[in-house]
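Novice: Given chain A, work out where chain B should sit, using these hints.
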Amino acid sequence: MTDKTVLNATHRELGARMVDFGGWDMPISYGSQIEEHHAVRRDAGMFDVSHMTVVDLHGARVRDFLRHLLANSVDKLKVQGKALYSCMLNEQGGVIDDLIVYFLGDEFFRLVVNAATRVKDLAWIEQQAKAFNVAVQERPDFAMIAVQGPNARAKVIGLLHEVDRVRIEKLGRFAAAAAQGPHGVPLFVARTGYTGEDGFEIIVPQEQAVTLWKELAAAGVAPCGLGARDTLRLEAGMNLYGQDMDETVTPWEAALTWTISLDEGRDFIGRKALEAQKAAGVPRTMVGLVMDEKGVLRHGQKVLTNHGDGEILSGSFAPTLNKSVAFARIPAAASGDLRVDIRGREVPVRLVKFPFVRDGKPCEGI
Amino acid sequence: MSEIPGDLKFLKSHEWARVEDNGLIRVGISDHAQEQLGDLVYVELPEVGASVKTGVGAATVESVKAASDIYSPVSGEVVEVNEILSDKPETINEDAYGEGWLFVVKASDRAELDELLSADDYAELIEHEDD
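If you read the protein sequences in the order shown, they are chains A and B.
Everything in the first sequence is counted per the working numbering, starting at 2 for the first residue and increasing by one.
Everything in the second sequence is counted per the working numbering, starting at 658 for the first residue and increasing by one.
Just so you know, these hints were derived from the structure itself, not from any lab.
C-beta atoms are modelled at their ideal positions from N, C-alpha and C, and glycine is treated no differently.
Check the hints yourself; a few may be wrong.
[Said to hold, decoys possible] When the alpha-carbon atoms are kept at most 27 Å apart in a straight line, the in silico DSS-like pairs for lysine-lysine are as follows:
#1 362(A) <-> 745(B)
#2 295(A) <-> 362(A)
#3 215(A) <-> 5(A)
#4 669(B) <-> 710(B)
#5 83(A) <-> 121(A)
#6 710(B) <-> 295(A)
#7 745(B) <-> 295(A)
#8 295(A) <-> 77(A)
#9 79(A) <-> 5(A)
[Said to hold, decoys possible] Chain A residues, not near chain B, derived (Cβ > 10 Å throughout):
#10 81
#11 93
#12 193
#13 220
Chain A extracted, bound-state conformation (with noise of 0.2 Å):
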């Protein structure tokens, strides 16, 4: 059975060409890939991410219950309505899911987590929420349209209630608040995002999602589906679950160093696997890449270094830069030339930092 949002309809009236995506009937795109990336990286453009799951948390030890679930720290969550993004292990310190965590009360948290892992994820959550009685609700009565690109804010501000504007547009990154949409719509306005622009996540009751996608498209946000969406986040620099991250992988080896944080007295699950990791010497590191000649990296290729073989992670043509890049998990020791095994051609790839575009550009050295 493969389950629809919302908006489904209203894709296929746009003629989008619909894909299976981990049990979800979505759009791919519209048209051109392509361009439907170039209008994100150029003005505005929104994807219906309504089959990502909205999970909210209640309960007078729900932060506790957090600083046990997560490996990055809700405390730095001071101020209501802001955001974090963590990944959350298991004992082993590989990663069940990345999400981010909004902080909307002392007993009030919500979750956005991964659409594939949503069975696994509920039940990960319900049954370590179980000590500290706090009650897990999905919330499937929410759809929810991320808005992106350096035009993005403006448009969807346009579309708010007069009283919202000024107070939405002030709203921080990685910080949301509640505002009123066209027609009375309550909205959830999240400054987040997967595409490396400025933009909002923006969180709708069903029922209203379908207005809400018809007044964003007249304001002239180009809907995208999500073929662009999967190159703006490499260009970014942001990490697939599934293909650069799952349960066999740790943070430590998933570029995710940054979202842990192993702050004193805390013992979330999977510090002590990860704190071994580390103390033992990461095995393997997950890389940027570049490849100057013709062709296109793609998931599963080898690559050869001279510590052995890794293997690339996500791999695409990158529109911004009109050439291909990729992340690649190698051998941590690995250093100098690499070399990724096309159909059996050997072809040279760069080392570089990710990301590899930052505001609408290239960045150095890419």
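Specialist: Showing chain B alone in chain A's frame:
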């Protein structure tokens, strides 16, 4: 969907073949195939002089999403390749049955042409594929 030229023959895997006046076989991918693949960003063509066989990958086209093997509709020797594609792979998206051709084969066994689908049969095939 653009109209399918009646002089073409097709493989089920969406390659087309056109028998030219000089007897050589020009090969490309169908408009339907380019539409399914999306924006093409790289084409790996065979070398001129290479021999190709039916059922064996002769070229690769890569869209943003994926790489796809291209089969030659007939066996034989590659006598010409479309150099334009190395700089402008999107030519296939723009004109799959014309400027976006891939390579030209001198067939070693012309009877293989009889195995191919007619334009009408191919049209029917992709119609059902969309069901």
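Novice: Look at each hint and say if it fits the structure.
Specialist: Hint-by-hint comparison with the structure:
Distance hint between residue 362(A) and residue 745(B) is fulfilled; the C-alpha atoms sit about 23 Å from each other, no more than 27 Å. For a cut-off of 27 Å, the pair hint linking residue 295(A) to residue 362(A) stands: about 21 Å separates their Cα positions. A distance of roughly 18 Å separates the Cα atoms of residue 215(A) and residue 5(A); the hinted pair therefore holds under the 27 Å criterion. With a CA separation close to 16 Å, the supplied pair residue 669(B) and residue 710(B) stays within the 27 Å bound.
Under the criterion of a C-alpha separation no larger than 27 Å, the hint pairing residue 83(A) with residue 121(A) is consistent with the structure, at around 26 Å. Restraint check for residue 710(B) and residue 295(A): the C-alpha separation of about 25 Å stays at or below 27 Å, so the hint holds. With a C-alpha separation of about 12 Å, the suggested pair residue 745(B) and residue 295(A) falls inside the 27 Å cut-off, and the hint holds. Straight-line distance between C-alpha atoms of residue 295(A) and residue 77(A) comes to about 44 Å, which puts the hinted pair past the 27 Å bound.
Of the supplied pair hints, the one linking residue 79(A) and residue 5(A) is violated, its CA atoms being roughly 36 Å apart against a limit of 27 Å. Every Cβ of chain B is farther than 10 Å from the Cβ of residue 81(A); the closest lies at roughly 40 Å, confirming the non-interface assignment. Every CB of chain B lies more than 10 Å from the CB of residue 93(A), the least distance being 33 Å, so the non-interface label holds. At the 10 Å boundary, the C-beta of residue 193(A) stays outside the reach of chain B, the nearest C-beta of that chain being 25 Å off.
Distance to chain B confirms residue 220(A) as a non-interface residue, since its nearest Cβ pair spans about 26 Å, more than 10 Å.
This entry does not satisfy hints 8 and 9, going by the numbered hints stated previously.
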